[in-house]
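*Asks:* Can you make the complete structure from the sequences, with help from the hints?
Residue numbers for the sequence shown follow numbering that gives the first Met the number 0, so the first one is 0 and each next one is one higher.
It is worth saying that the hints were derived from the structure and are not from the lab.
Remember, predicted model here, so these are calculated numbers, not experimental data.
Honestly, I wouldn't trust all of these hints.
To be verified - With a Cα cut of at most 30 Å, we get these calculated BS3-like pairs of lysine-lysine:
| id | residue 1 | residue 2 |
| --- | --- | --- |
| 1 | K37 | K57 |
| 2 | K5 | K124 |
| 3 | K3 | K57 |
| 4 | K57 | K47 |
| 5 | K174 | K124 |
| 6 | K104 | K4 |
| 7 | K104 | K5 |
| 8 | K124 | K57 |
| 9 | K37 | K3 |
| 10 | K57 | K4 |
| 11 | K37 | K47 |
| 12 | K3 | K47 |
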Amino acid sequence: MSLKKKDRLVDTALRLFCRYGYRATGIDTILTEAGVAKMTLYNHFGTKEGLILAALEKRDEEHIAWLASETQTRAGAPEDGLLALFDTLDAWFAGDEFHGCPFLKASSEFDDHNDPVHRAALAHKGHLLALIRELAEAAGAPDPARIAGEIYMLVEGATVVAQLTGDRSTAARAKQAAEVLLAAG
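*Replies:* If you want it as structure tokens, here you go:
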């Protein structure tokens, strides 16, 4: 498969999975929208699960890189990174393509903790926690692991509430909670 077709297939699948879910999105819909043949998909990915895993891997890499870059830009100074993360989330939630977290969706649709899709979702959450810990370390937090864990819970909570309710202001409210948490040390 040409790289162009592969990328188009993964990008199309990811867009549809984010919008409609993993199980509800049929292979035929993905193939039609991507403009590739069924054999192309199966020759490269083997199964729909293989395509899901490729889509999640791409989303993980892109999303973590975007969060890190946007947060750094918004922060200006390292000590402002943890709070700037919520400004980055606010921008994500406000976008037309926000349909919730594709990794939370994947983990709920593939809830067996041994399932490769569930493990891929969990790996992304580990990458997110690591990013938050890096921000806590850069900010000079006295206990970066604890602060990262607490900020992570606020990030996940804001994301879930935005996804469930459609309330796009959750990142701003989570930022206020983070300010209180950080002031308390």
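*Asks:* Is the straight-line distance between the alpha-carbon of K57 and that of K47 30 Å or less?
*Replies:* holds (15 Å)
*Asks:* Holds or violated: are the alpha carbons of K124 and K57 at most 30 Å from each other?
*Replies:* holds (14 Å)
*Asks:* Does K4 sit within 30 Å of K104, going by the straight-line distance between their CA atoms?
*Replies:* holds (26 Å)
*Asks:* Next pair to validate is K3 with K57; report whether the Cα-Cα distance is within 30 Å.
*Replies:* Roughly 15 Å between the alpha carbons, so the hint for K3 and K57 holds.
*Asks:* Measure nothing beyond the straight line between the CA atoms of K37 and K57; if it is 30 Å or shorter, mark the hint as holding.
*Replies:* With a Cα-Cα distance of about 21 Å, the restraint between K37 and K57 holds, given a limit of 30 Å.
*Asks:* Within 30 Å, alpha carbon to alpha carbon, are K174 and K124?
*Replies:* holds (19 Å)
*Asks:* Take a quick look at whether K5 and K124 sit within 30 Å of each other, Cα to Cα.
*Replies:* holds (25 Å)
*Asks:* Could you grab the alpha-carbon distance between K37 and K47 and see if it respects the 30 Å cut-off?
*Replies:* Satisfied, since the Cα-Cα distance of roughly 11 Å is no more than 30 Å.
*Asks:* Checking one constraint from the list: CA of K37 to CA of K3, max 30 Å. Satisfied?
*Replies:* Between K37 and K3 the Cα gap is close to 16 Å, so the pair holds against 30 Å.
*Asks:* Holds or violated: are the alpha carbons of K104 and K5 at most 30 Å from each other?
*Replies:* holds (23 Å)
*Asks:* Between K3 and K47, is the straight-line Cα distance small enough, at 30 Å or below?
*Replies:* holds (19 Å)
*Asks:* Is the Cα-Cα distance between K57 and K4 30 Å or less?
*Replies:* holds (15 Å)
The structure fails none of the hints (numbered hints given earlier).
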